[in-house]
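So the sequence lines, in the order shown, correspond to chains A and B. Counting in this note's numbering, the first sequence runs from 1 upward without gaps. Counting in this note's numbering, the second sequence runs from 1001 upward without gaps.
Any given hint could be a false lead.
[Claimed, not checked] Residues of chain A clear of chain B, computed beta-carbon distances all greater than 12 Å: (1) Gly5; (2) Arg22; (3) Asp71; (4) Arg79; (5) Gly80; (6) Pro81; (7) Ala83; (8) Asp85; (9) Leu86; (10) Asp166; (11) Gly220; (12) Lys221; (13) Arg224; (14) Glu229.
[To be verified] Calculated pairs, DSSO-like style, for lysine-lysine (alpha carbon to alpha carbon, straight line, at most 30 Å): (15) Lys1073(B) x Lys1180(B); (16) Lys1180(B) x Lys1147(B); (17) Lys1073(B) x Lys1052(B); (18) Lys1294(B) x Lys1070(B); (19) Lys1070(B) x Lys94(A); (20) Lys1192(B) x Lys1073(B); (21) Lys1147(B) x Lys1070(B); (22) Lys1192(B) x Lys221(A); (23) Lys108(A) x Lys233(A); (24) Lys1294(B) x Lys233(A); (25) Lys1052(B) x Lys1147(B); (26) Lys227(A) x Lys94(A); (27) Lys153(A) x Lys1180(B); (28) Lys1052(B) x Lys233(A); (29) Lys1147(B) x Lys221(A); (30) Lys94(A) x Lys153(A).
In case anyone wonders, no lab produced these hints; they're calculated from the structure. Idealized CB from N, CA, C, for every residue including glycine.
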Amino acid sequence: MSTEGLSHHISSRYNTDLERVRSSVLEMGGLVERQLTQAIGGITEPDARVMVRVAQEELRVNQLERSIDEDCSRILATRGPTASDLRLIITILKTITDLERIGDEGEKVAAIAARLALRERPNNRYREVRNLGEVVIDMVHDTLDAFARFDTKLALQVLRRDRTVDEEYEAIHRQNITFMMEDPRSIRRALDVMWVVRSLERIGDHAKNICEYLIYLVLGKDVRHTKIEEIEKELQAPRG
Amino acid sequence: MEQLVRSKPPEVESPGFLPASDIDTGVIPIRTSGRGMLQVAVDETRRTAALKAPVKARVEALDFFYGELKALKNITMDIREKQVTALIGPSGCGKTTFLRCFNRMHDLTPGTRYEGSITLLPEEINLVARNIDPIEVRMRIGMVFQKPNPFPKSIFENVAYGLRIRGVRSQIRIQEEVEKALREAALWDEVKDRLATSALSLSGGQQQRLCIARALATSPEMLLFDEPTSALDPIATARIEELIAALREQVTVLIVTHNMQQAARVSDYTAFIYLGELIEFDETSRIFTNPGQKATEDYITGRYG
């Protein structure tokens, strides 16, 4: 299925309803992405006000989550969607939960960023956090892009990157344990960094979830809890 | 000999402790490395049960003509036993024409012609063959119409009618069969105290259930429903749908409906027919979540193709 198909219903109000709920999801995604960028930026460039800005976005994100939920319930109740329409509504309902959680994790990162800003910075200026942060922001960005265009190839790329994130997370984890053992005074900072990278790793998981829903939406195949190699095979196989 | 078998189950080769009946019901004994036996129950979900259901009627290369007009084109599909198969498609696509082939309702329309076959199993009778008596077909395959059409007779006589036609004379037997059919049609409790009153005094939903009871009285193997609830309110509709679900235990059901949700709710299999052709035939759950054909998708989601 493609995005054009959305607007081919005999009922034009149905078209409008689906189009509206889909663009709300994209708007919500855009806000969450911005929250995340600001939060991570707050760690690499010290900024004590980052928390306030991210929290402001959060209000709007929550509002959107509720209104999308409501729209989906109404569509389910009044239209009885089937096939790709049904998959779209299910995908949206699940996607916004993950988006909302990405926002929550972003808020946690921002809170820690505000705390770290008041403290002395390490020599590497949190380079490892910035690197992992960039990967994760890209993942979220591409996930939203894939969702906007129903692009399963891009979704698959995001799924592949989740492995990198997990490896990077492990590496930072080990590195921080070393820091803590070398110099107990660094424990406080190292723990904060651990919290941040833990959040980033979770965000990667949420982006991965959304990409899996998207593959279900487009191809009708449930690829959750499936090895990436098998998903690749599924994507190449004809619809079955 | 038979008694001997019943009293003493036959010896099963390896697992002496397992009664033979367990093996029949799908418990497979597996030998593990010298540590005795391990029982694995075979998972029998509704889905696989449906897939394994035997074929009740086999439609092969069926064409149907109203004079020059070819209304059905080369339809081939299997109707599975004791399953509900729904026929969906836009008005004029041929789904009712197809349904009516199953009990030879076209015979009285001049200029109509069947080609191909509908084979009823296990006897392998071709329902649409000229030498097959349509009355006999209708005894075995009942039909319920869009509008309830009870005879202007008493409730009792409506149900007894088919039995009398069949030549059943015994009053006791007729009474038993009428009660049974009315119970099966979930109508007995509502009419048992007024069996002698006119069927026309019943409500629309009750009349429709009476028609179902009338069709059930001759113990048919298959029931055809042509939009059975389109003239009924939601409550009566829900009753009929419940009934169809219960009937699945004993008869094979074929139903034409314009209500997509109804097809999704009551059927195990769905066939999408368009312009006289069978476009897609699959399990209902699949048709309504992930159909294979774009035309099916467009139709069930309310899109123009």
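Hints, verified against the model:
1. Not every CB of chain B lies more than 12 Å from the CB of Gly5(A), the least distance being 7 Å, so the non-interface label is violated.
2. The Cβ of Arg22(A) sits about 15 Å from the closest Cβ of chain B, beyond the 12 Å cut-off, so the non-interface label holds.
3. The non-interface label for Asp71(A) is consistent with chain B: the shortest C-beta to C-beta separation is roughly 18 Å, beyond 12 Å.
4. The Cβ of Arg79(A) does not lie farther than 12 Å from every Cβ of chain B; its closest approach is about 8 Å, which violates its non-interface assignment.
5. For Gly80(A), the non-interface assignment is contradicted: its Cβ lies about 5 Å from the closest Cβ of chain B, within the 12 Å cut-off.
6. With a least beta-carbon separation of about 7 Å from chain B, Pro81(A) fails to lie farther than 12 Å from that chain, contradicting its non-interface assignment.
7. At the 12 Å boundary, the C-beta of Ala83(A) falls inside the reach of chain B, the nearest C-beta of that chain being 5 Å off.
8. Distance check for Asp85(A) against chain B: the nearest CB is about 5 Å away, which does not clear 12 Å, and the non-interface claim fails.
9. Not every beta carbon of chain B lies more than 12 Å from that of Leu86(A), the smallest distance being close to 6 Å; the non-interface claim is violated.
10. Non-interface status of Asp166(A) relative to chain B is upheld: no Cβ of that chain comes within 12 Å, the nearest being about 31 Å off.
11. With a closest Cβ-Cβ approach of about 3 Å to chain B, Gly220(A) is found to fall inside the 12 Å limit, against its non-interface label.
12. A beta-carbon of chain B comes within 12 Å of the beta-carbon of Lys221(A); the shortest separation is about 8 Å.
13. Every beta carbon of chain B lies more than 12 Å from that of Arg224(A), the smallest distance being close to 16 Å; the non-interface claim holds.
14. A cut-off of 12 Å between C-beta atoms confirms that Glu229(A) is not in contact with chain B; the least separation is 23 Å.
15. A C-alpha spacing of about 40 Å is found between Lys1073(B) and Lys1180(B), which places the hinted pair above 30 Å, so the restraint is violated.
16. Restraint check for Lys1180(B) and Lys1147(B): satisfied, since their Cα atoms lie roughly 24 Å apart, inside the 30 Å limit.
17. Distance hint between Lys1073(B) and Lys1052(B) is fulfilled; the C-alpha atoms sit about 28 Å from each other, no more than 30 Å.
18. For the suggested pair Lys1294(B) and Lys1070(B), the alpha carbons sit about 24 Å apart, so the restraint of at most 30 Å is met.
19. A C-alpha spacing of about 47 Å is found between Lys1070(B) and Lys94(A), which places the hinted pair above 30 Å, so the restraint is violated.
20. With a C-alpha separation of about 46 Å, the suggested pair Lys1192(B) and Lys1073(B) falls outside the 30 Å cut-off, and the hint is violated.
21. Taking the CA atoms of Lys1147(B) and Lys1070(B), the gap is near 27 Å; set against the 30 Å cutoff, the hint holds.
22. Simply put, Lys1192(B) and Lys221(A) have alpha-carbon atoms about 52 Å apart, too far for the 30 Å limit, and the pair is violated.
23. Between the alpha carbons of Lys108(A) and Lys233(A) the distance comes to roughly 37 Å, so the proposed pair goes past 30 Å and is violated.
24. The hinted pair formed by Lys1294(B) and Lys233(A) meets the criterion: a straight-line CA distance of about 23 Å does not exceed 30 Å.
25. Note on Lys1052(B) and Lys1147(B): the hinted pairing is violated, with a Cα-Cα distance of about 34 Å set against a maximum of 30 Å.
26. As the CA atoms of Lys227(A) and Lys94(A) are separated by approximately 21 Å, the hinted pair is consistent with the 30 Å bound.
27. Between Lys153(A) and Lys1180(B) the alpha-carbon distance is near 60 Å, which puts this suggested pair outside the 30 Å criterion.
28. With a C-alpha separation of about 29 Å, the suggested pairing of Lys1052(B) with Lys233(A) holds against the 30 Å cut-off.
29. With a C-alpha separation of about 41 Å, the suggested pair Lys1147(B) and Lys221(A) falls outside the 30 Å cut-off, and the hint is violated.
30. For the given pair, Lys94(A) sits about 20 Å from Lys153(A) by alpha-carbon distance, which is consistent with the 30 Å threshold.
Against the hints set out earlier in the document, violations occur for numbers 1, 4, 5, 6, 7, 8, 9, 11, 12, 15, 19, 20, 22, 23, 25, 27, 29.
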